[in-house]
Amino acid sequence: MPEISYRDAVTRGIAQEMTRDPDVVFLGEDVAKPGGCFKATVGLYEQFGGVRVRDTPISEQAILGAAMGAAMTGLKPIAEIMFSDFIAVCFDYIANEFPKARYMSNGQTKCPLVVRTANGAGSRFGAQHSQSVENWCMMIPGLKVVAPSSPVDVVGLMAAAVRDPDPVIFFEHKSLYNMKGEVPDGEILDTLGTAKILRQGKDCTIVALALMVGRALEAAERLRIDHNIDCEVIDVRSLVPLDTKTILASVAKTHRLFTVEENPRLCGWGAEIVSIVADEGFYDLDGPPVRITTPHIPLPAADIMEDVVLPTPQRIMDTIRRSLGG
Amino acid sequence: MATANDRKPVPAGSGLNDDIGEDKRLALYRSQVRLRDSEQRAFDLFLQNLVKGTSHLSLGQEAIAAGFAEAMVKGDLSFCTYRGHAHTLARGVPVEKVLGELMQKDNGLMRGKGGSMHLTSEEHGVMGSYAIIGAHLPIACGAAWRAQIRGDKDVSVCFFGDGTTNIGAFHEAVNFAAVWKLPVIFVCENNLYMEYTPIKDVIPIPQPAADRASAYGLERILIDGNDADIVYRTAQKAFAKARAGEGPSLIECLTYRHSGHSRADPAKYRPEGELEEWKKHDPVKLYRERLKQFGVKDDVIAEIDASVRKEVDDATEACKAAPNPPLDIISTDVYADGGWAWRN
Ligand SMILES: Cc1ncc(C[n+]2csc(CCOP(=O)(O)OP(=O)(O)O)c2C)c(N)n1
Ligand SMILES: [Mg+2]
Numbered sequence: 001m002p003e004i005s006y007r008d009a010v011t012r013g014i015a016q017e018m019t020r021d022p023d024v025v026f027l028g029e030d031v032a033k034p035g036g037c038f039k040a041t042v043g044l045y046e047q048f049g050g051v052r053v054r055d056t057p058i059s060e061q062a063i064l065g066a067a068m069g070a071a072m073t074g075l076k077p078i079a080e081i082m083f084s085d086f087i088a089v090c091f092d093y094i095a096n097e098f099p100k101a102r103y104m105s106n107g108q109t110k111c112p113l114v115v116r117t118a119n120g121a122g123s124r125f126g127a128q129h130s131q132s133v134e135n136w137c138m139m140i141p142g143l144k145v146v147a148p149s150s151p152v153d154v155v156g157l158m159a160a161a162v163r164d165p166d167p168v169i170f171f172e173h174k175s176l177y178n179m180k181g182e183v184p185d186g187e188i189l190d191t192l193g194t195a196k197i198l199r200q201g202k203d204c205t206i207v208a209l210a211l212m213v214g215r216a217l218e219a220a221e222r223l224r225i226d227h228n229i230d231c232e233v234i235d236v237r238s239l240v241p242l243d244t245k246t247i248l249a250s251v252a253k254t255h256r257l258f259t260v261e262e263n264p265r266l267c268g269w270g271a272e273i274v275s276i277v278a279d280e281g282f283y284d285l286d287g288p289p290v291r292i293t294t295p296h297i298p299l300p301a302a303d304i305m306e307d308v309v310l311p312t313p314q315r316i317m318d319t320i321r322r323s324l325g326g
Numbered sequence: 001m002a003t004a005n006d007r008k009p010v011p012a013g014s015g016l017n018d019d020i021g022e023d024k025r026l027a028l029y030r031s032q033v034r035l036r037d038s039e040q041r042a043f044d045l046f047l048q049n050l051v052k053g054t055s056h057l058s059l060g061q062e063a064i065a066a067g068f069a070e071a072m073v074k075g076d077l078s079f080c081t082y083r084g085h086a087h088t089l090a091r092g093v094p095v096e097k098v099l100g101e102l103m104q105k106d107n108g109l110m111r112g113k114g115g116s117m118h119l120t121s122e123e124h125g126v127m128g129s130y131a132i133i134g135a136h137l138p139i140a141c142g143a144a145w146r147a148q149i150r151g152d153k154d155v156s157v158c159f160f161g162d163g164t165t166n167i168g169a170f171h172e173a174v175n176f177a178a179v180w181k182l183p184v185i186f187v188c189e190n191n192l193y194m195e196y197t198p199i200k201d202v203i204p205i206p207q208p209a210a211d212r213a214s215a216y217g218l219e220r221i222l223i224d225g226n227d228a229d230i231v232y233r234t235a236q237k238a239f240a241k242a243r244a245g246e247g248p249s250l251i252e253c254l255t256y257r258h259s260g261h262s263r264a265d266p267a268k269y270r271p272e273g274e275l276e277e278w279k280k281h282d283p284v285k286l287y288r289e290r291l292k293q294f295g296v297k298d299d300v301i302a303e304i305d306a307s308v309r310k311e312v313d314d315a316t317e318a319c320k321a322a323p324n325p326p327l328d329i330i331s332t333d334v335y336a337d338g339g340w341a342w343r344n
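Protein chains in written order, with the working numbering: chain Z, 1 to 326; chain B, 1 to 344.
Read the hints as simulated data drawn from the structure, not as lab findings.
Treat the hints loosely; a few may be bogus.
[To be verified] Using C-beta positions, here's what the derived DEER-type ranges look like: (1) Leu327(B) x Asp279(Z): 19 to 29 Å; (2) Gly151(B) x Pro295(Z): 21 to 31 Å; (3) Pro2(Z) x Asn344(B): 31 to 41 Å; (4) Glu219(B) x Phe125(Z): 38 to 48 Å; (5) Ser323(Z) x Asp337(B): 31 to 41 Å; (6) Cys267(Z) x Asp106(B): 35 to 45 Å.
The C-beta atom is built at its ideal place from N, Cα and C for all residues, glycine as well.
Go ahead and model the full structure; you've got the sequences and the hints to work with.
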């Protein structure tokens, strides 16, 4: 099977949908002629032209507002917010406008759009260009929230997000753009709201998202080799809708739950998952659910500091081993 | 022409120019009376504790809503603020639907799920009323962008207040629309106050919108917003420009609200005599006199007044009799599948 990068998978996913549906349009800062700040949209302008692929002023509110107005009146816009941290300057649209229009209008207003944005640490950009802010969006009724961890998921979930009739926030991970993975030729369409079991195991369940998925898999591999601990690893992929069935079924089998989150501690997505498992899977548990997160601090810029605060395979491994008493 | 600074009503006087024609003139009159009576009724119902939540009346500002709506054609889109009852009604939404929403009854436009600040009736081109200051200017740009891409001829019109010109989204949207030459019209209703603070205290220039137009390469347009003929003519020009692909307009309409900012506001901050001065330039009164100048007979005017009053009275009775919304719609239409499920 052909291998492509996570970066090229973004272009591939958008191009697949723009080819399929002439109503799909794409706008953002430096996304068209320059091909994107992360070069994740190179060639789309050339392929689809300047009417459908457009560079905007540095106006995040105008970008998201325009995407919404276009979505309400029949287009299927994809809007880029260059760094997910910048969601804070246009949060009104994410928190108040996209997700509430349908409800407040008693079902009259539609808002089928995708906001794609580069999330997460690893680039040593410091506290305002490296955050994981998926939990900012997860808390809002009316939104859908996706964060793929591999090239093939980028293509399939992008397609699902574009075709979804609801507003979807699509978190790409900056540190995964160079990651390569197998992506079959032809059209790919995935399903929102489905977690993926990436590794079967019987001793504990590790639930991870985006960059943390690879780290969880690495920890699981080493736990198996070094300590004979057999971990099941679940890639959540979609925070809303949330595939609680897959998670609960896994915990019913392994009896232990670990979440691996890049977001800072308080109100991270893992807290919601732990709460659901505590409510509905309590008697399946043989021990306390454990959250492995970035500590509740702004992210430091220096590489040696950033490396310490993000959950590492080593920290995941140590935490699980201690918890399981191995 | 008066400015926001000298706080004098704008003198009447568009002259006896019959470019508008009798049919349109009667429509402009009817619309203004309908808005006036509906808003007055909303206020009365509030005093009777029958209008719940908040409400923001357009009493005194009717000429702007009527003038623009009468210049629109089917398919044109209105984006309103929380002060949006008048704009919603002016597009032809039944009074009962609006009063029903204000009274939070099942016959309301959104069956009580939106409330007075979010009136929406897409079938009438009312694409929502927005309560976060400035949010809808970029949204109107997006609708206009769709028209541009598809070659649709509709125009998006976005109404907002003087205070809104100080928020970032205003500047982002006007710049964006100007750069992309979008078929959108930004209508600033300068009623001299942002909530309770006079606009002149919070801007470094006399006119909040008009004096900023040049920053975006747009024409400076400042009009008497209490004269429906002037509003209508200005609107027509802006529509023609937008439909011709020549881009956006930013229009500042001078006006004055007769009531407080919202239902709870007694408007004590107004200097003595200011309201009385502006009431001499009441848009409805002015327009009734205009009709008479054009020789419209008293009984024609009386007939319009009576039929409007009947619509408002009937709507009031229907709303009083309407049931409350059923509680099972609380969790509908969060997502497009009609429900609220965020998990399996
Ligand atoms: C972002 C935001 N800030 C503040 C408010 C509170 N608020 C509601 S209306 C209003 C005044 C707006 O003034 P203007 O734009 O002149 O409109 P008017 O009410 O006079 O029609 C304010 C400050 C709000 N709704 N949204
Ligand atoms: Mg005002």
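Tell me the hint numbers this structure goes against, listed in increasing order. Those not satisfied come down to hint 2.
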